[in-house]
Amino acid sequence: MTETIVELKNITKRFPGIVANDDVTLDIRKGEIFALLGENGAGKSTLMSILFGMYEPDEGQIFVRGEKVRLTSSKDAAALSIGMVHQHFKLVSNYTITENIVLGDEPLKRLGPLSWVDLKGASEKIRSLSLEYGLEVNPDDKIEDLPVSTQQRVEILKMLYRDAEILIFDEPTSVLTPQEIEYLLEIMEELRRGGKTIILISHKLEEIKQVADRCAILLHGKLVGVYDVATTTTQRMANLMVGKELDFSIDKTEHDFGEVVLDVSDLTVYNEQKVKVVDNVSLKVRQGEILAIAGVSGNGQVDIADAIAGLQNISAGSISFKGEDISRLTIKERITKGISYIPEDRQKEGLIMDLTLRDNLAIKTFDREPFSKKGILQPESFEQQAEDLIRRYDIRSGQGGQTLTRSMSGGNQQKAIIAREVELDSDLLIFVQPTRGLDVGAIANIHQQILEQRDLGKAILLVSLELDEVMALADTISVAFRGQILKTDSVHNLSKEEVGQYMMGVTQ
Amino acid sequence: MKKFITRVRSALSGLLVPAISIVLTLIVASAILLLLGKNPVEVFLGFLRGSGMVLKPRYAGGQGILTDFFSYFSILTPMIFASLGVMLGLRAGLFNIGVAGQMLFPGFLASVLVGYSNLPSYLAWPLIILIGLVAGGAMGSLIGFLKHRFNIHEVVTSIMLNYIVSYVTAFFINTYFVDPVTRNSRTIKETSRLLISGKADGVRFDFPVGLIVALLAVFVIRFILDRTTVGFRINAVGLNKYCARYAGINVGGNIVLAMAMSGALAGLAGVTYYLGFANNMVPKDLVSLGYDSIAVAVLGNIAPVGTLFASILVTIFQKGSIYMSSNVGVPKDIASVIIGILLMFSASGLYIEDKLQHLGRTVRPKRDSKTDKDKAEEEQL
Amino acid sequence: MNIDKIMTDGLSFSLPLFIMAIGGIYSERSGVTMLSIEGFQGFGAFTGAITVVILRTAMGSSPNWLIYVATLASVLGGMLLALLNALMVIKLKSKMTIAGVVVNILAVALTSFLSSVITGAVTGQATNKIQLGVSPRYTIPYLSEIPVIGGLFQNIYPFAFIIIVVALLAWYVLYKTSYGLRLRAGGDNPHSLDAAGVDVNKIRFSAVVLAGGFAGLGGIAFTYMMANFSPSSYVGYGYLAIAALIFGNWNIRTTFWTSMFFGFSRSFSDQLVNELGMSSNYSDLFSVMPYVLTLIVLIFFSKHNRPPRALGEHFDKGKR
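Protein chains in written order, with my numbering: chain X, 1020 to 1527; chain W, 767 to 1147; chain G, 30 to 349.
Treat the hints loosely; a few may be bogus.
[To be verified] DSS-like mimics (lysine-lysine), calculated; alpha carbons at most 30 Å apart, straight line: (1) Lys1295/X <-> Lys332/G; (2) Lys1007/W <-> Lys332/G; (3) Lys1087/X <-> Lys231/G.
No lab work stands behind these hints, which were simulated from the structure alone. In this text, all values refer to a predicted model and were calculated from it rather than measured experimentally.
Isolated chain X (complex conformation) (with noise of 0.2 Å):
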């Protein structure tokens, strides 16, 4: 008999403006691996969030082992064993493993009025826990200095020192390579014989179809059913996620690829922490041909794509363009010579966020005609331009080119840049993960205007996380591990577990 450990019942909660979560009932068993798939903004994360405590619902109950509970914070979760893996990690970077893990609840050593942390005992403590469940790491190691992989680790010990028996996992293997997701799929079944309960925030198909027993799918905040995961395809959970017919096809017609635009030879390039982050990479790009850097996050992906717009200084090699080398012209100039780039962090490099979206999308031409004339700017040329840039790239916004960019959705700001730097009409556009956290919809927008501009003859350097892009994509694969290219080959002579292969550093 299946005892059931979490009910949420009809549980609604709204933001101005919006139903993130719209009566959603839910069960819960113990010692089950639950998945919650939905697009972005399904209302997927709000709901966790609930359970964990940080927001409260507007209507509906939460019932935790058949009690009634009100959680007001992560502390109320945790006092009921709830446990949670975030997105973005919750780790201080210049602490140990251990004492990120005992924060907030440490262990304390006493003798007379004092009092003090006992790390000593709870390294040994973690080091077991370590041991039990697979989860390699040396507690002393200080966080700053460990891969990402290594980083959830210490996210998964961090519940289990809690003795958590309710862990959710918030999109997980986002910034896995296939095989650590394979590790970590491989860990929650450990823990689900363990007797822990699973709950697993996931937009990926493969995944939930491999480890999870059932499967709730919200679309637009409401619950669309909850399915057996064993007896429903990945085509049908696919297509209750999306709430219609999906097309997984991409339209790529294969061509031949022109002149060599970009050419990077031998680039090594040190970061401010005198780290050495690339490390003697070359790489070509021709006209019309997509070159997709795979790897996991870290690798020194950006860092290329840094070093090439300029944003990073180079400290060995060459980037020529066009023929001509231009590792030592400023940003500006590269920009002129007919560089794109559309940045890694849309709201903190790509765009100011404070200003109208009429001059973010001026921001790299607002010193040349029409823009300006002689140091003065001329508004009506940057009315004209947003008004055209709206209409043509579909970017929604409340007020025309008056809107504040902050006020628009994650999508929109992305259509922005790439309207902009689309519009620069360069030879090179480096696009660097330029779909993240973007719904189903906005990607294949993204995508389409990729390829447009392949078509069209531009060369393409683009940097994801996501292998599923960088297969659907790419003309080329380079796969970059500790900021060398381990290796460069067409995508018809790679399969994606090879390239899962290299990312994880093996060479054969």
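Dock chains W and G against chain X, hints included.
Frame of chain X; chains W and G shown alone:
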């Protein structure tokens, strides 16, 4: 037409928070005064009388409301320059807390080089203004340069420079330029003061020529910030230096430029203060106007015209405090207390705005035409 | 050269500076940018001084223990103003740098205003210069006779002992206790603290208030060194303390040495003027030494500095 309405509306909403800050300040100040057993109306009238805005019951011979009013102008002038300087720095994301030092150094140089000379006014004035611009600008650029090149926070540099300037000038004043009676520096020559003296109906007044420059500066700075590429760059660097750099804007160069402009404005504040209002220097003294100008810039919503109006308001308290104190009997330091409270409320503008929006929301539940899906996505990000 | 005097004066200047810098470290390590040490110091010292005046007038005598009451009052006064600073920064979400300047301006304004109001009411004579008694000073036998460093053990203010004990305690709390572990996490990644069920704003609030207390202790020590309090006692030591902690890389142990550096460079330059028999005007010229040194030192060290990562960011639960 629609554009016009949105513009008026945004201008009004910009005024709302400062207006609320001022009202709250008057309420708190009145409460303090009532606690001391004084009539707040009398006190506020005292400030206005001292600033030449309301008639005093009586005047000394040859003096009148015009005398006070123009004297108010001569302290208003450095306040406008100083707060414009702070404002410009804040626009570039830089906190110029060293205005007092950037006033003293050019003021000292101008006094020493021109103030004690026999140059006629038509030569002395442009020279003084030039010294103000150059010396202040140089100090500002140094601060900007140290930030850009060596990553030293502008607040630390400005403060260190403040002390260095105040001690070094004190040494020179005490050694070479001291007035043995007052222990301050010797008073500068009449011809070097940035003042035009006049007489109307038997009432003497001194009109500060710097005021014209100051008003001009307000509109020039406004034009630069709103309508030129230079201003576009400064705004971009101030709002998000990462994006500015990514867009090809020279962040370091613009930091130095903005600090130079900020320092130059502070320099103008210095020369109009020391050669027009004070006419001598107290050794080691950094004028509080330098710090008050920060309050003024924040109160003025970090915008040129707003800063002008905030200067006009704050200067009333400062200028009028002495008259008010001797006539109503409240220590003149109440003026600084009032300015401090005003600054406190205007620094909490974000909170006030939040509360207002909250009020607005309960009245008008839905104002946006965004689709629900967009909103959901926003929640996710 | 009077080495003993350099040692004695250097130490009596360094220690208050050090404890004020510790206040800054507490606040900044928790994530709150701290520019108002100067204000806390002055307002604390004012509270201490005015308490002495009130008690002295009430009792008609001036017993020795007044100095300890003054110390306690100064600490509380610093905390009171810090409470306002914390409110502005945490509750009202003011920009941290601007809030710091506000608090400093308010401190100067309030002390001058209140000293004339209170001295007027208590003694009948309104003034903003408050005379304090002379602090007792202690010399430790034997140790004080050691060559060169003997001066460190001569004519010690009682504050020196208090500061050393408090500083040790402050170090222990920040680096060894669970409160310290949480505080330092607040300045690096407040979201991790929040996820661990700790109230970030409460931690930051307490850190700022503690900073006020530490600054108040430094303030009263400086005031007794000058034997009186007036609004012109705001001479920038609070900012010097900030320079010391930046130079000390936000770490208590290194900041101890940087504070010593400032103190001894100051007493050395004072002695130099004395020794060379120059006119007192020249002491102004030599007084710039610590400030010039600070700038030079920062030019060399700022690049390697690593401020707390979340320093100056408001913590908003909703934002991720």
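Each hint, compared with the structure:
With a C-alpha separation of about 18 Å, the suggested pair Lys1295/X and Lys332/G falls inside the 30 Å cut-off, and the hint holds. A distance of roughly 18 Å separates the Cα atoms of Lys1007/W and Lys332/G; the hinted pair therefore holds under the 30 Å criterion. For the hint linking Lys1087/X to Lys231/G, the alpha-carbon distance of about 29 Å falls within 30 Å, and the restraint holds.
Checked against the numbered hints listed earlier, the structure breaks none of them; every hint is satisfied.
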